[in-house]
Each structure stands twice: as structure tokens, then as C-alpha cells.
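Starting from the given sequences, assemble the full structure and let the hints guide the process.
The sequence shown runs contiguously to residue 747 in the numbering used here.
Treat the hints as calculated values from the structure; they're not laboratory data. Where hints are given, some of them may not hold.
[Stated by the list, open to error] Under the rule of at most 25 Å between Cα atoms (straight-line distance), these lysine to any residue pairs were calculated in the SDA-like manner: (1) K623 - I656; (2) K616 - K631; (3) K573 - R562; (4) K586 - Q612; (5) K690 - L635; (6) K623 - L613; (7) K638 - L689; (8) K746 - I722; (9) K638 - L745; (10) K739 - A715; (11) K586 - P672; (12) K747 - D736; (13) K623 - Q574; (14) K739 - P565; (15) K709 - A654; (16) K690 - K747; (17) K684 - D712; (18) K716 - P672.
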Amino acid sequence: MIEEHTEVPVEADVDRCWLDQRVVTRLQPDAAGDELFAKFDDAGALALYEQAAKLEPGNFEALWKTAKGYIDVGDRMTPKNKAEEKKQIDLYIVAEGYAKKAIKINPNDSQVHFLNSAAMGMHALQLGKKQQIAMSKEIKAEIEKAIELDPKNDLAIHAFARWQRRMAEIGGVTRFFGGILYGSIPKGSFEESEKLFKQAIALKPDYSNHHLELGRTFLAIKKKKDLAAKEFELAIACPISTSKCQDYIDEAKAELKKLKK
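Spelled out as C-alpha cells, the structure:
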């Protein structure tokens, strides 16, 4: 595997607000899944979404919700051993399959391209270095497609910001030798990461993860610790809007605590 700081960027964070923008399908399991999803019962919602997708395999709504459900459940896992890590990765692989089926039905949907990029990113973590590098390019292409289809997709913009930061973190020596062994490694920019996170925040200022990750980009720049602290404070003040928001808030508190030492 690639060293931790060179891993393929992953943005499996899927905003719950999309449900408010979608029309509930005619299938009862899917509608019931929406109710559980709104209560942050990701596993329960997934079971119903997948039931709907199996009842009607060509239903775009059921397919993308099932893909998203697998990502949500995977994101909530905290693996403690290799077996649990494999189980988590397997969830993302299934999510990727559903996302790709949804893309075949509607290739012009921004969110489903983002979902595909998120699932692919997590899937890539179990692959070898050469495959990870190749997939990082595919992930970037999917994120860019999502933004092209909807320039206001704050989560796709957030994902691209993280991609930029992760690529920028790959040092010159690692990039040089990695390029020789495995092929050209995509380049990223901390400045572009900062710019993109600010765009995401402008679109959705009350989402904790946008502020958390912008703070981390400021830390990576090193000369902007005061700005990082401000972003962590803003993250902590954000409302709980997804099942993962409390985790983001807790992470922001931990980052802020480290800064104050």
C-alpha cells in the first residue's frame, strides 16, 4: 500500500440534504427508508433501499440511495482488526457497484458521480500502489464530472479540495521514485485545496466537515495555525445535520486541543 500520507484521497462524506432535493420513489420500501434515514438510522435505511433496488433493478432513485446507504454504513464503522477492515472495504465495493448501475441509467446526475468517486476512493485502499495511482486519476475525473454537472455541489467541491491536499502532501522524493516504479503521480496544491474548501463553505456554511477539513488544510500550510483554530471553532459550532456530524465536531475539538498545547 502507499504510505499513509500518499493514499488515494477519499471523500465518502455524503450530505443528508440531498434527500430534501429528491422526489421520493413510488416504492414503499424506499419511502420507508427515507424516514429511517432522516432519523440517522443508516443501517435500517440501507436495508429498505436495497430491498427497493432489488424489487426494481432499473430504479435510479433506489440505486443511488442504496449506494449512498452502503457508504454511510461503511463510514460509521471503526475497524479494530484486519477482518473488520475488509468488511468495511467490502461495503464500499458494493456501493461502487450500485453507483455505477445508477450512472448507466442517468449519466448526467452530479450526486451519483460523486457517490461513485467516494466509493472508489475507499475501494482503492485495498489495492496495490500502481492501481491506487491509476484509480486516483479516475476518482479525480468523477469528482470533476460531478462539479461540471452541478457547480453548486458542495460535497463534490469538498472532495476535490481533499484530493488536492492529499496530492500536495506527497513529497518530492516519494513522487519521484513512485513515478519511476508505478507511473506518474497526480499533482495537487494546498492553495487550490484552500480555495475549494472556501467555495464549499460559501455554498453550505453550517456544515461542520467543511470547516474541519479547511482547518486541516490550514495546518498543512503551517503558517496559518490561527486560521485553522478559527475553522475548528466554527466546525464545533455547526448544527448536527448528518449521522457523522458529531464525529466531525469531536475531531475538531481534538484538533483545537492539540493547537492549544
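Hint check:
| no. | hint | verdict |
| --- | --- | --- |
| 1 | K623 - I656 | holds (15 Å) |
| 2 | K616 - K631 | holds (23 Å) |
| 3 | K573 - R562 | holds (12 Å) |
| 4 | K586 - Q612 | holds (19 Å) |
| 5 | K690 - L635 | holds (18 Å) |
| 6 | K623 - L613 | holds (14 Å) |
| 7 | K638 - L689 | holds (7 Å) |
| 8 | K746 - I722 | holds (15 Å) |
| 9 | K638 - L745 | violated (32 Å) |
| 10 | K739 - A715 | holds (10 Å) |
| 11 | K586 - P672 | holds (24 Å) |
| 12 | K747 - D736 | holds (17 Å) |
| 13 | K623 - Q574 | holds (23 Å) |
| 14 | K739 - P565 | holds (22 Å) |
| 15 | K709 - A654 | holds (16 Å) |
| 16 | K690 - K747 | violated (31 Å) |
| 17 | K684 - D712 | holds (16 Å) |
| 18 | K716 - P672 | violated (30 Å) |
Hints 9, 16 and 18, counting from the list given before, are not met by this structure.
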